[in-house]
Amino acid sequence: VCSGETGIGKSTLMDTLFNTKFESEPATHNEPGVRLKARSYELQESNVRLKLTIVDTVGFGDQINKDDSYKPIVEYIDAQFEAYLQEELKIKRSLFNY
1 VCSGETGIGK STLMDTLFNT KFESEPATHN EPGVRLKARS YELQESNVRL KLTIVDTVGF
61 GDQINKDDSY KPIVEYIDAQ FEAYLQEELK IKRSLFNY
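First residue of the sequence shown? That's 1 in full-length UniProt numbering, and the numbers climb one at a time after it.
These are calculated hints, taken from the structure and not from any lab test. Bear in mind the structure is a predicted one, so any value in this text is a computation, not a measurement. One or more hints might be untrue.
In silico BS3-like pairs for lysine-lysine, Cα to Cα no more than 27 Å straight-line [unchecked claim]:
no. : residue 1 : residue 2
1   : Lys-37    : Lys-66
2   : Lys-10    : Lys-71
3   : Lys-21    : Lys-66
4   : Lys-51    : Lys-66
5   : Lys-37    : Lys-10
6   : Lys-51    : Lys-71
7   : Lys-10    : Lys-90
8   : Lys-51    : Lys-21
9   : Lys-92    : Lys-66
10  : Lys-37    : Lys-71
11  : Lys-10    : Lys-21
12  : Lys-90    : Lys-66
13  : Lys-51    : Lys-92
With beta-carbon atoms standing in for the labels, derived distance ranges [unchecked claim]:
no. : residue 1 : residue 2 : range
14  : Asn-65    : Glu-45    : 35 to 45 Å
15  : Gly-9     : Asn-65    : 17 to 27 Å
16  : Glu-75    : Phe-18    : 19 to 29 Å
17  : Glu-23    : Asn-65    : 25 to 35 Å
18  : Glu-88    : Asn-65    : 36 to 46 Å
Heads up, the beta-carbon is just placed ideally off N, CA and C, and yes, glycines get one too.
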């Protein structure tokens, strides 16, 4: 998880960390709240395949009142953990998506 205010260098960090230029379209920051945009990538490093999901937190930290700006991020993470747990509890699992 890498989240922060607009222009702080999150995308540059991800590009540098994974030695890849991830596609990112400029987002408008006129919205009143935080909006999450998930994009998945499949990377190959030597003989290791990696499925990476980058979630863009559009609008995080842009509001004057930042009291509840973290809630959509926490809810997204909770939902991902819950989905993984439900798949893990099944008899026939398909953990390829995680």
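Each hint tested on the structure:
no.: 1; hint: Lys-37 x Lys-66; verdict: 19 Å, holds
no.: 2; hint: Lys-10 x Lys-71; verdict: 19 Å, holds
no.: 3; hint: Lys-21 x Lys-66; verdict: 30 Å, violated
no.: 4; hint: Lys-51 x Lys-66; verdict: 32 Å, violated
no.: 5; hint: Lys-37 x Lys-10; verdict: 14 Å, holds
no.: 6; hint: Lys-51 x Lys-71; verdict: 25 Å, holds
no.: 7; hint: Lys-10 x Lys-90; verdict: 36 Å, violated
no.: 8; hint: Lys-51 x Lys-21; verdict: 15 Å, holds
no.: 9; hint: Lys-92 x Lys-66; verdict: 43 Å, violated
no.: 10; hint: Lys-37 x Lys-71; verdict: 15 Å, holds
no.: 11; hint: Lys-10 x Lys-21; verdict: 13 Å, holds
no.: 12; hint: Lys-90 x Lys-66; verdict: 39 Å, violated
no.: 13; hint: Lys-51 x Lys-92; verdict: 21 Å, holds
no.: 14; hint: Asn-65 x Glu-45: 35 to 45 Å; verdict: 42 Å, holds
no.: 15; hint: Gly-9 x Asn-65: 17 to 27 Å; verdict: 24 Å, holds
no.: 16; hint: Glu-75 x Phe-18: 19 to 29 Å; verdict: 26 Å, holds
no.: 17; hint: Glu-23 x Asn-65: 25 to 35 Å; verdict: 32 Å, holds
no.: 18; hint: Glu-88 x Asn-65: 36 to 46 Å; verdict: 38 Å, holds
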